[in-house]
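The hints should help you fit chain S onto chain C, whose structure is shown.
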Amino acid sequence: MSRVESKAGYFMVMPYFVYFAAFVAYPLFFSFILIFHRWNIVTPMEFIGLKNFVRLFRDELFFKAIINTLIFLSIHIPLQIVIALFFANLLNKQIKFRAFFRALYFLPVVVSGVVITILWQQIYAYETGLINQMLLGLGFKKIPWLVSPEIAMPSIAVMATWKNVGFYIVLFLAGLQSIPNELYEVAEIDGASNFQKFFRITLPLLNPTVVLVVVLSTIGGFSLFIEPYILTGGGPLDSTLSAMLYIYNQAFYFNHMGYAATLGFFFAMVILIIVIIQRKFIEREVY
Amino acid sequence: MKSFLFLFILFFVFGCSNDQKNAFNQANKKLTYWCAPNPEEIELAKILVDKWNRLHPEIQVEVQALPAGQSSEEVLLAAIAGGTTPDVCSNIWPGAIAEYIKAGGLVALDEFEDFDSLISARKIPVDLLESFRSKDGHFYQLPWKTNPVMLLYNVKIFEKAGIERAPRTYSEFFEACEKIKELGIFPGYTDIRPIWWQRFFDFYPFYIASSGGRTFFKGDDLDIDYEIAVKVFDFFRTCFKMKYFPITNFQVDPFLSEKIAMRFTGPWTITYLEGNKPSGFEYDFAPIPVPDDYQGKVYTYGDPKNIAIFSTTRYKREAWEFVKFLVSEYSDSLLLEICNQLPIRGDLLENKKFADYFNRNLKMKIFAEQAPFTRGVDEVVEMKEVFDAISREFEACAVYGAKSPDEAVKNLIKRTKVIIEWSK
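Just so you know, the protein sequences line up as chains C and S, in that order.
Going by the numbering used here, the first sequence runs without a break in its numbering and finishes at 315.
Going by the numbering used here, the second sequence runs without a break in its numbering and finishes at 461.
Please note: incorrect hints may appear among the correct ones.
What the hints assert, rightly or not - Listed below are the simulated DSS-like cross-link pairs for lysine-lysine, each with C-alpha atoms no more than 30 Å apart in a straight line:
| no. | chain 1 | residue 1 | chain 2 | residue 2 |
| --- | --- | --- | --- | --- |
| 1 | C | K79 | S | K139 |
| 2 | S | K193 | S | K278 |
| 3 | S | K461 | S | K255 |
| 4 | S | K461 | C | K79 |
| 5 | C | K79 | S | K451 |
| 6 | S | K193 | S | K314 |
| 7 | S | K278 | C | K169 |
| 8 | C | K170 | S | K440 |
| 9 | S | K216 | S | K296 |
| 10 | S | K454 | C | K79 |
| 11 | C | K169 | S | K280 |
| 12 | S | K255 | S | K454 |
| 13 | C | K79 | S | K421 |
| 14 | C | K169 | S | K440 |
| 15 | C | K170 | S | K296 |
Everything labelled a hint here was simulated from the structure, so no lab data went into it.
Just chain C, same shape as in the assembly:
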């Protein structure tokens, strides 16, 4: 390769390099520096050693926020996989208006999270919400969807599932279409029931997609922010205070940039460990 060609190569990777340097490398490096400082944007940065970590390990509210996030994930991920797999199976069959339904289920994914959350705020409202009005009409009692500390987080998990399920349906659809049809034909000749075909062929061959869905929805779930920020503000009784919302509050509500950066790094480590564990337990060799 001549020198002119190699210069052109550098020139062509330049846009990505600039983007990476400005929006990934620099913020990451700066956040790392902030871990050892106290900084409220206004006053000069003050080196405080490991004081941010000392506070982190004594910060009960942050650990409550992590537990809240894990509660959210424990409802959200299984619900998402079951619903996405169910609809992916349906949409993989020869049904009428298949393309229309595929588009319909994907629609909430492309709509702004804020818009959807505000919509669900109306649906979940205690006095005037659609669901409670329907329940009253059917002779049932109203349910405090967002005002009960026990129900608020499950309500948010259901809403988040509704918003994201379309994306995972698409992933599962792609996985289902990659399974060779011959396997089902052979199973049918052998007299396998639909139930057996699903659990012996579909599910094992979908393992790589399941791993992908679990990992993606775990990372996505750990970033839970818009829903509690708009719906509940973290309440009632901090029951919907997610780790991301707490980090956001520390950074932009109390102007504790250094402490928020410390929480962010610690939280990233927690996510990394959980994803490694998940992969270890879920990932299987596929034929």
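Just chain S now, kept in the frame of chain C:
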């Protein structure tokens, strides 16, 4: 003729404003003054600045309402960071001043030789004045106005319930609540949202009142009176547990619509109530209730807002002269007349200049009597997060009854210590 008149008015209006602008542009020294962004204070500031500019052609002041933002404190911090602070600002909340000082944003006002004489002229009570002194011994804020938080009650509902006078103690308060409850009305109300500043209208004034004027800190050290804090949490816990206070927010004003009989608020409510009350509606104010065994004068939260000079000013001496003008008797009279807010001065009820106002506004007299017995917030950098912690415990203990008052105070002290130790 009509078009001539129109042209004349246009010429007059724009001619005047150009004159003012020209005066500002031609002045040797120019100052920028930020006032609070509410209509009454903007009107007051414009009148005062107009008069100042006419009296001082060589030092022209331009008034601007504090730019819109989440809160005045955030706007001022952003301005300090960006180096765009005004010369003078009259909306300084003492709870945020520690950060401004730390950022080197303020001028020490007691370095002006006539600072002491100005304070003496305003006859500010010594203990109240001292509460505004910074940890380094200087005064970076000039006490300007106060809005004491008091008990507001519906006179007619009280009469109907057979309550003869406003409750003064916790027992009297609960007794009154029982009587009002029988009428099918919620006796009291406080906003249950766990927003940090919301506690300035329930927990904090009650804590100050019940402790005889104590705040949370002594210098940099946490100094919460454990027993008093437990008593206050217990008071509000009872209010919600006995359904004296509703666990809800209302779409319309619950006090004016007579859904509630009492709430805790400041003098700014008078203008609002007078403008919106239905005919025959009667209300009055009383001091914050205190524990049954409390003796002495009842204090409350004063919600003070003060005046400061920012260190970016090029004309310190001129800015100080303007600040002195803002707290003159003339300016204080206008503060009362236009804004219905109380100047921080010890002679409010003795000074003849204000007598006419208080004769016409008897309800403001109640606040003026309370004004010397008020407290602000401590000069602690992390005050906002401390109040956020109070709000969380208030929600858990008082509103939902999920924690005992003991647990709430212990948790509050534990979290506050973590916050404060980290900030040192």
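Inset, instruction - Kindly indicate which numbered hints from before are broken by the structure, ordering the numbers from low to high. - result: none
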